[in-house]
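Heads up: the protein sequence lines correspond to chains Z and F, in order.
Counting from 1, one number per residue, gives the positions in the first sequence under the UniProt record's numbering.
Counting from 1, one number per residue, gives the positions in the second sequence under the UniProt record's numbering.
Simulated from the structure, these hints should not be mistaken for lab results.
Worth double-checking, as some hints may not be accurate.
All copies of an identical chain are treated as equivalent in the list; a pair is satisfied when it fits inside any one copy or across any two copies.
Keeping only pairs whose Cα atoms sit at most 30 Å apart, straight-line, the calculated BS3-like set for lysine-lysine is [what the hints assert, rightly or not]:
hint : residue 1 : residue 2
1    : 3         : 66
2    : 234       : 3
3    : 66        : 359
4    : 234       : 292
5    : 359       : 25
6    : 163       : 59
7    : 3         : 163
8    : 292       : 74
9    : 66        : 292
10   : 44        : 354
11   : 234       : 44
12   : 354       : 25
13   : 359       : 59
14   : 234       : 74
15   : 25        : 163
16   : 163       : 234
17   : 44        : 74
18   : 354       : 66
19   : 44        : 163
Values in this document were obtained by computation on a predicted structure and should not be read as measured data.
There are 2 protein chains.
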Amino acid sequence: MRKISLMGATGSIGMQTLDVIRENKEQFELTAISAGRNIAETRKIIQEFNPRLVSVQLKEDAEVLKNEVAHGTKVLWGEEGLLETACHQDTDVLVNAVLGSVGLFPTLRAIEAGKTIAIANKETLVTAGHIVMEAAARNQVSLLPVDSEHSAIFQCLQGENTKNIESLIITASGGSFRDRTRTELEGVTVDEALNHPNWSMGAKITIDSATMMNKGLEVIEAHWLFGIPYENIKVLLHRESIIHSMVEFHDSSVMAQLGTPDMRVPIQYALTFPDRFARPRGGRLNLAEIGKLHFEEMDFERFRCLEYCFEAGKAGGSMPAVLNAANEAAVARFLNGEISFLDIETLIEKSLTKHELIKQPDLEAIREIDSETRRFVNELNLG
Amino acid sequence: MRKISLMGATGSIGMQTLDVIRENKEQFELTAISAGRNIAETRKIIQEFNPRLVSVQLKEDAEVLKNEVAHGTKVLWGEEGLLETACHQDTDVLVNAVLGSVGLFPTLRAIEAGKTIAIANKETLVTAGHIVMEAAARNQVSLLPVDSEHSAIFQCLQGENTKNIESLIITASGGSFRDRTRTELEGVTVDEALNHPNWSMGAKITIDSATMMNKGLEVIEAHWLFGIPYENIKVLLHRESIIHSMVEFHDSSVMAQLGTPDMRVPIQYALTFPDRFARPRGGRLNLAEIGKLHFEEMDFERFRCLEYCFEAGKAGGSMPAVLNAANEAAVARFLNGEISFLDIETLIEKSLTKHELIKQPDLEAIREIDSETRRFVNELNLG
């Protein structure tokens, strides 16, 4: 029986993690969850899985839930609640599926507590990869990727020696706007941007797919997870999202992981690793039915956010934290109808240009840079 | 320094194995070779690699070579020479790249001698898989596949537990005649059949590609190499031969190995396993340049030899030996201009129908069945 803490239980990855646990009730037990403000959904999860610890974002919600839950269920709130969820004493694996840079501190706390971490929170590695990977190595903790791309690379590397890697090839569907020119991107609406061709995901990550920022953040994450220089990480446009990513070795052999676009497969793999459990109910890949797989070079001129990510990653230090905070704030303004789609790029670029690099920022510095960048983006008037 | 015996040195796989050794002279030493009747090429190999043992097919050729080679080089001939090549005392790895069922006995001798075997000779496993795999298990000897398809599957299985396999998916380019109807196949010439779209190979195996017998023999070989029932082995038409084969796991994840169509990559992998050596001179896979990969269901009506292979494999016992001998004899008759292309199928089918199954044939029985089937095919008048 593997005991699981799930941070971000009511989000897209969180709900799919619950599906995996539901399908394997003899193997998995849900020990602790954290959720945001979706109390109706949180209540359902408590009823179905009966976790020992529940944490929500707001104090008032926690107080309502406290009166409802069974005796022995602990209810917490806020950052302290998140931290307790992350390193609950009975937990074997923490699934970190919260959105945004709020995922960083709980991850570090779980690493110190020696938990295995299934990591779906990009920002943890993007903003503080140097700190997180050092802590993981020091505590001999495994970081198992949940993202389909990183899970694919991780699967391709089983039984292999990382010294033999020539390059990581991260595939990209191209997002909602892959067939639009830059001019055509000028007037796109929030609804258009939220319509992803292959994957069903949350709003922020869907916008990040449309700008290709999502792919760029994955590049930075891959750099940290697998210890590969940016020069050896490639992004390949692959519309069908069937090949989830690849690894090329020095001998020119390329390993790839394929599947239908179903996040439950990489989630389950992270929870069962190094074993695999059957998924009798999941859809099977049928390549003959699909018929063709397409591949194209990535257009860095068209997808500037991707270029910014490579640049920020290579600059290192505090730069990726600026990139990430600027993007989060800019996407929020776009979803809020305050700025246009292409303004997201502009705000990120301005934030990066303005920032003076700190080479080895500590957690306090990263937190400050994060707040400062958000303030800058929120106050900038592009009119 | 890994010491290599190479059987079938002047054939297509043999010459490419020599390329690999040539490119890695600090890591590999050629200890022993066997060749057929191509004495000019054998002489060149002796001059370049200076092996300690050389074996050729005919006594008279051996006697000519004996007078030419340096002192200390042993020259042998015939079956006895093959057997000595297979288990030369200084050899670490035997590359068995001979064509046809002549490869069986030397493989068994090498297994008894505890050599690691890089196996490119299909007939060894097709005709006597039950005997060979039992001997390999008993002597704890590794059989490393050289064929691009089996090497791909072998690479996909690294770090995995075979209990989690759902199916093996062997890809097939479809050979020279993949776009012809059965009616169009009636009058095809030997030259047309020898023109393979993707791979440069020997004559017999190129004809086997055109009839799809090659793919069928690979199915039987995969059954033995990986211990997977025929019901869980699929063949998928994939024109570009870029995905060399795949493994689907119970969790619906599919692992694939890709590369340019260059046999030196799987050959080198078998020689360096579990490590990989760089191939700085090899062509790299560029999927963006290739643009599209195609996949189609296999047409078992059109490619009857493939169906015969599944049937013979499932029947088991002596049936695959009949299939293989009938095919070898029939292809020889086709290359000799005696029969038409579709007569190959007919001769195989008649041989299988006529044969009475022996459930656990020993080596003597397999040898007899082989001769008997060849005689039957050679004497049958289809006129």
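Should residue 234 paired with residue 292 be assigned to within, between, both, or neither, using CA atoms and 30 Å as the limit?
-> So residue 234 and residue 292 pass the 30 Å test inside a copy (22 Å) and across (18 Å) alike.
Since the copies are identical, ignore which copy is meant and state whether residue 3 and residue 163 lie within 30 Å (CA to CA) inside a copy, between copies, both or neither.
-> For residue 3 and residue 163, the Cα distance is within 30 Å only across copies (24 Å; inside one copy 33 Å).
Have a look at residue 163 and residue 59 and pick one of within, between, both or neither, based on CA distance no larger than 30 Å.
-> Intra 49 Å, inter 48 Å, cutoff 30 Å: neither.
Are the CA atoms of residue 234 and residue 3 at most 30 Å apart within a copy, between copies, both, or neither?
-> Neither way: residue 234 and residue 3 sit 36 Å apart in one copy and 37 Å across, limit 30 Å.
30 Å Cα threshold - placement of residue 234 relative to residue 163 | within (17 Å within a copy, 33 Å between copies)
Status of residue 163 relative to residue 44 across identical chains (alpha carbons, at most 30 Å) | neither (47 Å within a copy, 36 Å between copies)
Quick one: residue 66 to residue 292, C-alpha cut-off 30 Å, is that within a copy, between copies, both, or neither?
-> Classified as neither: same-chain Cα gap 53 Å, cross-chain 56 Å, threshold 30 Å.
Can you give me the call for residue 234 and residue 74, within, between, both or neither, at a CA distance of at most 30 Å?
-> The answer is neither: 45 Å in one copy and 51 Å across copies each exceed 30 Å.
Within, between, both or neither: residue 234, residue 44 at alpha-carbon 30 Å = neither (42 Å within a copy, 43 Å between copies)
At 30 Å max between alpha carbons, let me know whether residue 66 reaches residue 359 within a copy, between copies, both or neither.
-> Neither, since 45 Å and 70 Å both go past 30 Å.
Could you place residue 44 and residue 74 in one of the four classes (within, between, both, neither) given a Cα distance threshold of 30 Å?
-> within (16 Å within a copy, 80 Å between copies)
Up to 30 Å CA-CA - residue 354 versus residue 44, copy category = neither (46 Å within a copy, 67 Å between copies)
Taken one by one, the earlier hints fail for this structure at numbers 2, 3, 5, 6, 8, 9, 10, 11, 12, 13, 14, 18, 19, listed in ascending order.
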